[in-house]
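Number of protein chains: 8
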Amino acid sequence: MDRDQLRQLMEAVRSGELHPEEAVERLRALPFEDLGFAKVDHHRALRRGFPETVLAEGKTPEQVARILRSLSERSELVIATRAAQEHFAAARAEIPTAEYHEQARIIRIGPIPEPPSDRSPVAVVTAGTSDIPVAEEAAVVAELAACPVERIWDVGVAGIHRLLEHREQLTRAGAIVVVAGMEGALASVVGGLVDVPVIAVPTSVGYGAAFEGLAALLGMLNSCASGVVVVNIDNGFGAGRFAAMICRRTSAAE
Amino acid sequence: MDRDQLRQLMEAVRSGELHPEEAVERLRALPFEDLGFAKVDHHRALRRGFPETVLAEGKTPEQVARILRSLSERSELVIATRAAQEHFAAARAEIPTAEYHEQARIIRIGPIPEPPSDRSPVAVVTAGTSDIPVAEEAAVVAELAACPVERIWDVGVAGIHRLLEHREQLTRAGAIVVVAGMEGALASVVGGLVDVPVIAVPTSVGYGAAFEGLAALLGMLNSCASGVVVVNIDNGFGAGRFAAMICRRTSAAE
Amino acid sequence: MDRDQLRQLMEAVRSGELHPEEAVERLRALPFEDLGFAKVDHHRALRRGFPETVLAEGKTPEQVARILRSLSERSELVIATRAAQEHFAAARAEIPTAEYHEQARIIRIGPIPEPPSDRSPVAVVTAGTSDIPVAEEAAVVAELAACPVERIWDVGVAGIHRLLEHREQLTRAGAIVVVAGMEGALASVVGGLVDVPVIAVPTSVGYGAAFEGLAALLGMLNSCASGVVVVNIDNGFGAGRFAAMICRRTSAAE
Amino acid sequence: MDRDQLRQLMEAVRSGELHPEEAVERLRALPFEDLGFAKVDHHRALRRGFPETVLAEGKTPEQVARILRSLSERSELVIATRAAQEHFAAARAEIPTAEYHEQARIIRIGPIPEPPSDRSPVAVVTAGTSDIPVAEEAAVVAELAACPVERIWDVGVAGIHRLLEHREQLTRAGAIVVVAGMEGALASVVGGLVDVPVIAVPTSVGYGAAFEGLAALLGMLNSCASGVVVVNIDNGFGAGRFAAMICRRTSAAE
Amino acid sequence: MDRDQLRQLMEAVRSGELHPEEAVERLRALPFEDLGFAKVDHHRALRRGFPETVLAEGKTPEQVARILRSLSERSELVIATRAAQEHFAAARAEIPTAEYHEQARIIRIGPIPEPPSDRSPVAVVTAGTSDIPVAEEAAVVAELAACPVERIWDVGVAGIHRLLEHREQLTRAGAIVVVAGMEGALASVVGGLVDVPVIAVPTSVGYGAAFEGLAALLGMLNSCASGVVVVNIDNGFGAGRFAAMICRRTSAAE
Amino acid sequence: MDRDQLRQLMEAVRSGELHPEEAVERLRALPFEDLGFAKVDHHRALRRGFPETVLAEGKTPEQVARILRSLSERSELVIATRAAQEHFAAARAEIPTAEYHEQARIIRIGPIPEPPSDRSPVAVVTAGTSDIPVAEEAAVVAELAACPVERIWDVGVAGIHRLLEHREQLTRAGAIVVVAGMEGALASVVGGLVDVPVIAVPTSVGYGAAFEGLAALLGMLNSCASGVVVVNIDNGFGAGRFAAMICRRTSAAE
Amino acid sequence: MDRDQLRQLMEAVRSGELHPEEAVERLRALPFEDLGFAKVDHHRALRRGFPETVLAEGKTPEQVARILRSLSERSELVIATRAAQEHFAAARAEIPTAEYHEQARIIRIGPIPEPPSDRSPVAVVTAGTSDIPVAEEAAVVAELAACPVERIWDVGVAGIHRLLEHREQLTRAGAIVVVAGMEGALASVVGGLVDVPVIAVPTSVGYGAAFEGLAALLGMLNSCASGVVVVNIDNGFGAGRFAAMICRRTSAAE
Amino acid sequence: MDRDQLRQLMEAVRSGELHPEEAVERLRALPFEDLGFAKVDHHRALRRGFPETVLAEGKTPEQVARILRSLSERSELVIATRAAQEHFAAARAEIPTAEYHEQARIIRIGPIPEPPSDRSPVAVVTAGTSDIPVAEEAAVVAELAACPVERIWDVGVAGIHRLLEHREQLTRAGAIVVVAGMEGALASVVGGLVDVPVIAVPTSVGYGAAFEGLAALLGMLNSCASGVVVVNIDNGFGAGRFAAMICRRTSAAE
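Chains as they are written, first to last, in our numbering: chain A, 481 to 734; chain B, 481 to 734; chain C, 481 to 734; chain D, 481 to 734; chain E, 481 to 734; chain F, 481 to 734; chain G, 481 to 734; chain H, 481 to 734.
Read the hints as simulated data drawn from the structure, not as lab findings.
All C-beta atoms in this analysis are idealised placements derived from N, C-alpha and C, irrespective of residue type, glycine included.
There may be inaccurate statements among the hints.
Stretch-level coverage of chain F by chain D, calculated; a stretch enters the list once three of its residues show a Cβ under 8 Å from a Cβ in chain D [unchecked claim]:
| id | segment |
| --- | --- |
| 1 | 535-546 |
| 2 | 628-640 |
Listed next, the stretches of chain H that the computed footprint assigns to chain G, with coverage defined by at least 3 CB atoms under 8 Å from CB atoms of chain G [what the hints assert, rightly or not]:
| id | segment |
| --- | --- |
| 3 | 702-709 |
| 4 | 721-727 |
With these hints in hand, go ahead and build the complete structure from the sequences.
See the structure below:
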């Protein structure tokens, strides 16, 4: 149940179509239903302005499929993240309309929403080619939150002129997601270049003393540019979600 | 030179008071002047929508005072962060109007700006009493960026009912800064409670396996709530700065 | 040989059925017998109020099966933990009455004991669905120590209202096992909510800066709630065992 | 307000001395009062069966003194932990009855409660002489929770016969707190020796690869004995508190 | 060329059978011959009182076989450690007399030497069953250095009485190798029990906060017993080698 | 009471001077006496072939002085290690014969024993000048165990020819203690040079990525030379003690 | 486009063959072309004196092949590093002249350049046989930068005389790449032996406390010899590249 | 004795002034003389093309002064690094010509050499003002090795345009030392900008997750630009020394 559905319910109460007691009951009934292994929280879209999201990793394909079906019966748009091909196959078997964003590893059930025309875009930037899967997760998540997205791939600081060519594009963004492994220096450079909030995503790209993303994480946390915040290693979802929260606020439609 | 001063300059050009060539020269002259030990960047207020900030820590009182004087000759509002009493004494000797936010450890030269009436507030929340200095830094920084601030102290998760009483207040905020040491769980709880962007600041409060803030940092990075981003340990400045960037965007005045 | 069997032996001595010297010999004979690769300690049930437990991980299926058979010849209830399907297959071939708690990865030989009616229950709580296998290990282990168990799955702090609904149930428990990965904040929240001893189990659920459970471990060690203790990452066995030790003490039957 | 005071209040309601509405108001008024810098939670003694505890470390002497006075006006027994001599001096100036447990670094206001005669004791054990301050904190805290305490100092595993002499004493305890630095092996040995819950406290005693208590912490978390749980490095308070929670449950008086 | 062969050569010089110049040439020729990918050092047996040892891990089966053949043409006893079944198969194909100590993962070419009758034994002790492969490596290596070995398996500190039964046997040893994972406490207990040099080998046995042997390593380095030294995690070879160096010195035959 | 005193006691029993019962009583009385804060173990010299050693660090000067006096009343030679000037002053006030090895930070009460003439020396080697205090601790400890000591200072691998000049001297040693900070490479080089057991002591000398001795510790644990074992960072005592255990075994006098 | 091609272009401008405007356009056109997933930077050979290098690891074989083809159409020499057999197969299918340096895991398209006769060689040295793959990567990379290379394999410090035999050869080098795992001591010894810049490459060779190359990395960073710098673990490419930059500067031809 | 003095000695031999045997004796006498606590190596200037350097840190002022005097009696230029004011005072008392480079913390005895005119400069670059002391150490060390030095302070990536203004200056350098704390991103940006060898020095500037320079160290080791090597945290000496080794090779005078 999203904000629109809630408004309709309230209107129904106001117009007398629905008795207040009944409305209360309906709301009380919603919070979660028990599938035995997981509480499914149907209120969340309402609370967070975003469809319910299932973390597929660490769950069996069958568990994911059952949770998705339960959620999709009540919501127009539900997704599963960090989903492997097996998760998608099981989901498809249960819900034929399920779609798979392969690079982003996201299963989606329901249409991608149309962004309002006055919403400023989320820019998603990667240092290298290997960072793209994480960046795609961020980009798709922002699109699912009805934000326009601009993808700028492979502009790492070893060739700073490639980044500088995108300066204007970055300046226009409502929020920038910077995805980088190795030393993660791109976040500092972007943060120093433009006056836009930067959400930095360290990736596990690299080897040796990259320590599975630790070097990039520490680098980004210590960024000398002040408008930079950080999420967990490889957490494209969190970054895209947060960037969308910012851009939605800049929009009159919200 | 802040945005307003720049607009005046442009108006002067338009009205014919200032020759374009002269305007260009004036702008070109600004970027930085060389004090021998530090490039002072007068353009930054323009680029980042925020007064120039000097990191006092690691500099001598004399260095800080000289940089502040140089900056204050051209800007209406300049600050020094992580400033000790000695830094303030040296600054006061050079610039009599310098003020000191003691808990926040900020030296300020110039007036605190008045926030526009339609700007949503930054809520700053602490888990315990010992987290207040870092939280004050965040709060003062947000105020200096012309955002209203609401302070909510000592509502850590060991007494969750104290936090729940502030739920409504948190929901109205444009951004929330959560400041917590030890295990840093407050960020997850706040992030799960309201649909507002949360900037989490781990603090070095704690002992033993708190490892100077590492436990809180890791906890916040792994937050199970999705609207949470993280800054460096004890980095109240960065969090307040980022929260202000968000709240300014939600305001028509910007 | 458990406490009851020992009491019978002592009674036999007192009644004259058994000569003291013979009793001593029988006791001396018990401690352990040598299987070549492992000392099997038959006294342990006596010493620790719990059946002998074999750690299957790191042993071959054949080793596990042989140790279990040796133990089961003298004890009514023996178990193997962290046992894979292969371990169970080998055990089943040697001891047809062997059973397998699949999610908990425990092989059991002998009946689950009936808890005394006045024993307060162990509550086992998980933050997410992926934490259930570790939680099941704790739950089964507590049941094998004759404690009633209440399972509360998927009540992580990102949706705090789901946890609050279980507050009364938690208050009635004799001990609470909290199983959580990622940032492990659930332990602090539960510890702050009720006046019951909390045994926290960090899990290796998560990715990136979760560092295989380190983030949850540090978070739990630094819990701001004071009735919280911690066991090793993924150590459901230890937590269930310790919770049972507490609950057994609260029971008149002990 | 502790449990006894609450019962009196309820009796007053039952007897008609107090109007129910007034009782509700009095209870609602209690939870916390705002001192500006810290929420003081008067309900906590009720919720947790233990006097309100102030963590002095990280607070100024004046803050500690003011919080203690506020608390002591409503409760019979309040304490401050990790209190330095300066904290005590400030507290003494405000509250002349304040006492100082110097080794344990605890300020106490109010009398030490008398333990019920049937309560089993908490045994507190140290590996070496340098571990005593942390152990004293645990011991005093358990005494403040009305548990009898037995102190066993300096029985580290380098001279195992010294520990073995205390075996009987350990077996009689309701819970054992083991305090050890360096490699922390004492926890495993005690845990393997007796069938009593062991709360292990790693200390920062040691040097070099002891890494400020990390070696002892890891050692205790990996204890091969199963009835062992762990608290934060140097956290005597938490261990004493938890041990008391167990022992109070074994007592009919509770 | 071992010490005996060298003495024969010197005798030949003394008796006039061999011209000094020729002896020098023969010695100079020996040091190493170039196989293209590895310098094979035939002098090492002489220098270190031990046969040349090839580390098989990280080399292809073919490389190992070729190095072993080259060495075995000049020495009576050569070995390869950390050798997999594939390494052994390749070695067997080249040198039909090659033997495989499977648990110890050692390929041996040449006979196990007979220890002198007055040489005190090396005791090899494990905490658990899973530590046996590392312990076997230490034991076989000591046997190859002509030391008698006594194996004492599965006497971890969770059942301290099992260890105490071996006290006499441990006291008679010339050196003790203690092999333990998890918290590694066994080294401290053995070191405190007997006045014999202890070489501690941490193993990667354990899970979670055992961190692949790090917990045991730190524990052993911080041993409160003073006659304890440590080698690398899982380094049975180094421990057996060092123990043999000590025992050989106690023997008149050396 | 050391080995000689014990033999005299046994002789007295054999000759009839002492009744067996009385001898038993005297022995039973010895193990430890309770000073309130520390068990003093008078048997240890007997058990470990070395005088009782008090770790002064972490104890007050008064505690150290009292323990030393108690021990010195029954033993001919007792020491305190890691003793500061304050500890020595307190000890001197109690026991006028106390002496202070300043660089080694050892307080000694009783004469340095004369080494038997056939005992091979302990060589103590340092990489740099800053490593000398730790090396002196090792050297003095070995001398107190009646071993001759050869000091070789400042022969780090940055000037390998300085080390090579001492090759012969090293070859004659019964055991070598190598003391080095920074990268600790000296242990590997010495271990590869001579066929003598090497005990490596990492020191906290260095800065930055030396991480207080961690770099040297890891380097020494991974030594490519096989006769190398390691003790804790800055643990000169343990290394000297272990080296003496080896050298005493090579001596007929033992 | 390398330096020679650029000179020809400039000559063409000077001689009138090419109009300046056209030259500018050609240069501007070059920087990078967009393949959709990666910006290919054709200017880099010019900027860095080295052919464009593709990091194959983390890219699909198809991506690598497409980037290589695009690059090879404009440059005479392009390479892919950390390339698996699959990458080579895909590259070969697209570009039949592709060659594979198997041990170095480098795909090369174009001829190896002939070094100028006066260029001093890069010496590449390994501690053991297992370090050779990383060393080969460094060696091939230096050869591709037109430097003569001398390979010195398996001269680790456990047999220091093997290294000393190469002293003269090392002294003649323009730069030395030292490749070593385990404790990495070889870098310090080589750095102390000769007056030539040493680039140290830690490798992930080793086990246990080698921590995947961390021990060698820390050892090398703390080298007591002052002419030593360090690159990432297993980064043969970076070391070979840097050594070539030095040697090219010593050559008149540059 | 530096190279010039050695040439004079050889000339004296050639001209008959000095008998070869005497020359040999004089050379043999030189290598080091024993001061009791440190071998002073007079040959080092000869071997390494640089004056003997004493690391003052960790030595007493008196030790430093004595070593400096001994060295200065035979060499024209000797220095002490990481020297505090106390070290300088002691040195000045012994050697009146001693000078102190305060920011660089270097004591110098002897004149700064004049660089040859054709030697390309070492550029030393800092990210911030707080990095200057480490940078000064590098700069002074390079000057002492007769290299011209260009200092570029405070050009961190948060204001990338300040760095870009120095591009040409950087391109002309023979080697670049980049000194940066926090995230250390400057090294990657400089390395990507110009085709000159970059020696990166991480500094301990920063706080929180900077972890005393670890973040910068890891960032620099993982630099995505390939011509970048790294030295220890705060090791300005090593970087300046290495940069000078490169620049001296590019000079005909060497």
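Query raised in the report: Looking back at the hints listed earlier, which ones does the structure fail to meet?
Result: 2
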